[in-house]
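Colleague: Assemble the whole structure, with the sequences as input and the hints as a guide.
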Amino acid sequence: MDREFHDRQTRRDFLTSAASGLGGVALTAMLQEQLPASSSQALRVRSPHFTPSAKRCIFIFMAGGPSHVDLFDPKPILNERDGQQLPDSLLKEVEFAFIKKEEAKLKGSPARFRPRGECGTEFSDMIPQIGGCADDIALVRTMYGEQFNHHPGQLLLSCGKAEMGRPTLGSWLVYGLGSESENLPGYVVLSAGRGASGGSSNWSSGFLPSTYQGVSFRGKGDPILYLSNPAGVHPVNQRAALDAIGQLNAIRYQQVQDPEIASRIEQYELAFRMQSAAPELTDLSGETRRTLEAYGVDRASPRPTASMQGGDTYHRFSTNCLLARRLVERGVRFVNIVHASWDQHGDLKHDLAWNCQMADQPVAALLRDLKSRGMLEETLVVWASEFGRTPLGQGDDGRDHHPFAFSIWMAGGGVQGGMVHGQTDEIGWAPVRDAVHINDFQATLLHLFGLDHERLTANYRGLGVRLTNLQGQVVHQLMNNSPADV
Amino acid sequence: MLKSIALHCLASCLLMLGTSYLLAVEQQRSVSFGRDIQPLLARRCFVCHGPAEQRAGLALHVRASATAPTAFGNYAIVAGHPDRSELLSRVLSHDEGTRMPLEGPALSADEIGRLREWIAQGAEYTRHWSFVVPQRAELPAADQAASPSAIDLFVNQRLEEAGLQASPEADPHTLVRRLALDLLGLLPKAEQVKRFVQAFSEDAYEKLVDEMLQSEHFGERWGRHWLDLARYADTFGYERDDVRPNAWRYRDWVLQSINKNQPYDEFITEQLAGDLLPDATVDQQVATGLHRMNTKNNESGINKEDYHNRETVDRVNTTSTAVLGLTIGCAQCHDHKYDPISQKEFYQFYSFFNNVAEQDVDIQGTGEEQARYQRALSDLEAKREQLKTRRTVLEEMKEHAAAATWRLSLNNDPQVLADKLQSLEISESLRSSLQSSRAEQTAGQRRQVDAFWKTLVALHDDTGKALAQLSVQKRHLPKPYVMTLHEKAEERRETYLLVRGDFKQKGERVESQTPAALSLFRPRSEAPDRLDLARWITSQDNPLAARVAANHFWKHLFGAGLVATPDDFGAQGEPPSHPKLLDWLAVELMESGWDRKHLVKTIVMSKTYRQSSFHRAEVQQVDPENRLLSRQSRFRVEAEIVRDLFLDAAGLLHPDVGGPTIHPRVPAATEDLAYKYKTQWIVSDSPNCYRRGMYIHFKRTNPYPSLMMFDAPESNVCLAMRSRSNTPLQALATLNDPVFVECAQALGRDLAISNGVLEDRLQAAAARCLSRTFTAHEVRILLSLLQSQRVWYGDHPAEADHLVAEYAAAGVPNTETAAWLAVARAVLNLDEFVTRE
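In order, the protein sequences belong to chains D and G. Residues 1 to 486 (the working numbering) make up the first sequence, in order. Residues 1001 to 1837 (the working numbering) make up the second sequence, in order.
Don't take every hint at face value.
[Stated by the list, open to error] With the Cβ distance kept under 8 Å, some of the chain D side facing chain G (calculated, not the full set):
1. GLU95
2. PRO209
3. PRO230
[Unchecked claim] From chain D, some residues computed to sit far from chain G (all C-beta separations above 10 Å):
4. GLU102
5. GLU122
6. GLN471
It is worth saying that the hints were derived from the structure and are not from the lab. C-beta: ideal position from N, C-alpha, C; glycine also.
Modeller: Encoded structure:
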């Protein structure tokens, strides 16, 4: 029996009856099983290339460039040689955004480092609670890229190339794997504080259809844009409207036979389900006091400094971490938590501490929470930024952009906990072994999801474009059991 | 069961048949040089035997050399004789020293098989179809009298070959709506539809087309298509994403060019090289704004050389994609893998743009514009002075607040007090209370004064915010200047091939030159410039420009191009579904003097265009993508047009054409996700906020949300084809976005106050929104919605008030208006409403 033909017959019969008065809910239930090829197929769950170890990703995007030498990569020599000049050999080929070469002097770190967990990985005292999760964390100290300005650097991290118009990490995952969530978008963006300088290009679907675009949840008002009914419209009215719309659309479908109409009916029903699913998602009243406290949801932000906005940033960042857990719990594929104030050209001591206090507790709480719920195994948590900061000082108390070596970390999702990958030189300037390019990191991330970065391609202007921009080596050392390619 | 098997077999046969018909003429042979051989040679052989190097005296990229004796006296290719061709024995060899290619794996059996067949067939180096100058093919002979349009003859020929028939003509009401959407992006007026349907004739159709081609909305509709290619936006992009308060002048130039039907060759020439034309007018300079629309990084601390290179590369890519349909950009880092474009040729093309200088030219503008600018500026300045004084007073008050010594600090001087208080925006009663001393105040006045002192800090903050907002407004003021390019006379750059595309690695020095595989370049002088480039692009023997343009026009009138990859006419792109038709259109465009309106009219007059767009089950299996055009296409309109249709149906649309950008309402917290570099969204007043979607201020790092939900381009790079997604967020937007809800409110009110029986009122909505009448069945569904909502709002009058808000209908209770509003909202949310059928 020709399955497609059969399906279409059934659908037609069904739509005939739907048009004569069946409600939209029932309508969609049947349509879902039998949708013809149309644009709504884009999110259907697809098999990866090989067995994945990760199914969902929480990507904590610390935009601006957190200082690796103050947080993740201890370099005591910086304190010993504080104020001394850098050897010419290092400066020769180098460019800075702001530092003048002749004034370049090493800058000691205000942070202290100590070994954490059973693994003994050294973390800065500025992030003690994240350090407390060391045994679950794979820390990469030898990340590098070539972009030393923010937006291009962010594009490189998000899209694999410092060029606009390309899909971002989350788009690639949803494009490759589809979305498991029936009532929520597959790719969600949560932001606190001021936005990343790259703006929407950090969650754009680029040349892929907007179906794969990150949906930014909002800190105020509706979590999803236009989620609430207009004033004076209640669910009962909305339902009545959708039933009428669904029936009229079904009549049109009968005449025109365009699968896009069936898809439209389905999208309206999904929208309706989202209207109840999203408020349920953001309603934290079901969380225990203990959980809320662990994440620090009710913390007040400390007084703003000269460059740090105060407001409710702490509250919102904590809430976002908790929402991230609730989102992946509901099958959302990729959650991007954005926070963008890590660009410490000056006032490093205060501003970095301000940020660390904001991030430390909720990020650690997120890791522990996922672990205790048994979700960490299949949820990959990433802490990443577009670059690190110079071991050299800038002005009185700042550091400049530094893409030649910086740190990111991952936890869960099949990543080996309690390990450090790579080593930088004695001042944290450049990798001395196991360097990991941003494209390598991206290849590794896709690999954890069972996707071969060389095979996950999309045609654009005649080229089979992929996330890793014709580069990228999977870093197998970071994995528990490297899934075998099938 | 038997029956279903038979059906299945039939379907499969039809499927195979259909596919084979889709192959372009060149590819009807089993091996195609362009598709199979050229890319293989380029990938595996050219390194040593190509344009750059000819080891053993052998070059495989030119037939003459490939078939000539090599340095060893043997023949790499003997046409028609694979077994005598050294090339074949070398790729088959198992000896490591002789096997070709020396590097990398051996060729696959499949690749070798194709090489063998190609040589056996004569080893022809056929040129890729799009690199051959288009010629008008002879029209198919069939029944010319019945179908005078060349378009129909070509299309019908293909349909007949596939055993298919064209669809019948669409209903007149569909035709008028289709024309209005395609040509103007607006709904036809209900009256217009009625007249047209009643007196439908060939002449009436043509007259309607002519009218629409004369409408100034035609320029808006088709100008916006061009702006996708031009990556038009109102900010610079990147981190700071600064405002370009005058970018719209380029946009208006595009609109006007289309409205006055400027020939396409001039349209292109002025954009690429308007500044180089003799005695260039201001308008011609505005046209060069095309290559000011690229993103530009204004972040401090960038490497200027790096970004000069990126911008130049973008100008090359945009030019080649938009006008030539070529992926020249693939040759930025290495020779093009599939098309005959070397890396050197990329940088020769790059050289045309390597010495442009950006220039903002002050223009006087019209007297009216000048006056408007001056007025706005002095208003702003006056307001600023006022706010600054207010802030100073509030600061003084703050200083003395704790000790309550403010009056004292002014020596209780009544005149000074009055002056100071004058600067505050407070009620008269509060003013007089503050004027009095504590002793003079009544108890009520004291309470009022105490309350005032408590709000002091907030007042002071608000004043600061208002001042900040003013400086943003000033930034947005359209001070009359235009963004142009001109050619640098001094400090000119030399152009080098950049190794692997890296701006730091200079290779060979190159001069401006066009790719050799295309038409001959005939520059005016020894030092070719952008004007030579533009003339080369628009010359009659350039094989690409007219085809690419014709394909764009076709794409917007059928939902897909004859070449399905409008940005790639190269070997990797799709071959045209109707090669002869494409060439006919290209030649028609050129021979009509590059007359764009003529081409659009020619297409929309055809029977092929006027077909019904209903899907047909019997065609679905054979030609699921409708490449053979056995029906018209049916597709959701573009982002801006979704908004325009809503406003239009509601009677809210403000139809002004051109001018500065608008800032419609945005949801609170929209700015949260943007990096705030001195920007704010200051909402436009009515009626500006009801203007068309294409005028919405486009901020690259934080574009207007509902546009992006419907696939508006991000406008960072040249875009030749928008995607058309169908998502739940779109449903939420049209159901709940206040802009769209307001449209439902306005339409609902109109329905509520119109007289007549219920059904007539529903039919009025159908006419207004869908340009047709509802069937009895549809009427029943909407009546049932109307009744249920009447009952519900009757029970919930307060909810009706909320819903109706400012759109109360005179003489009609809100409970009734609310029910009609629900009906209006449902009609506006039909798939059909946002679909061009």
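Colleague: For every hint, state whether the structure bears it out.
Modeller: So, going through the hints one by one against the coordinates:
Checking GLU95/D against chain G by beta carbon gives a least distance of about 6 Å; that is within 8 Å, so the hint holds. Against a cut-off of 8 Å between C-beta atoms, the interface hint on PRO209/D holds, since the closest Cβ of chain G lies about 4 Å away. A hinted interface residue such as PRO230/D counts as satisfied when its beta carbon comes closer than 8 Å to some beta carbon of chain G; here the least separation is about 4 Å, so the hint holds. With a least beta-carbon separation of about 16 Å from chain G, GLU102/D lies farther than 10 Å from that chain, consistent with its non-interface assignment.
A cut-off of 10 Å between C-beta atoms confirms that GLU122/D is not in contact with chain G; the least separation is 31 Å. Annotated as non-interface, GLN471/D keeps its C-beta farther than 10 Å from every C-beta of chain G; the closest such distance is 12 Å.
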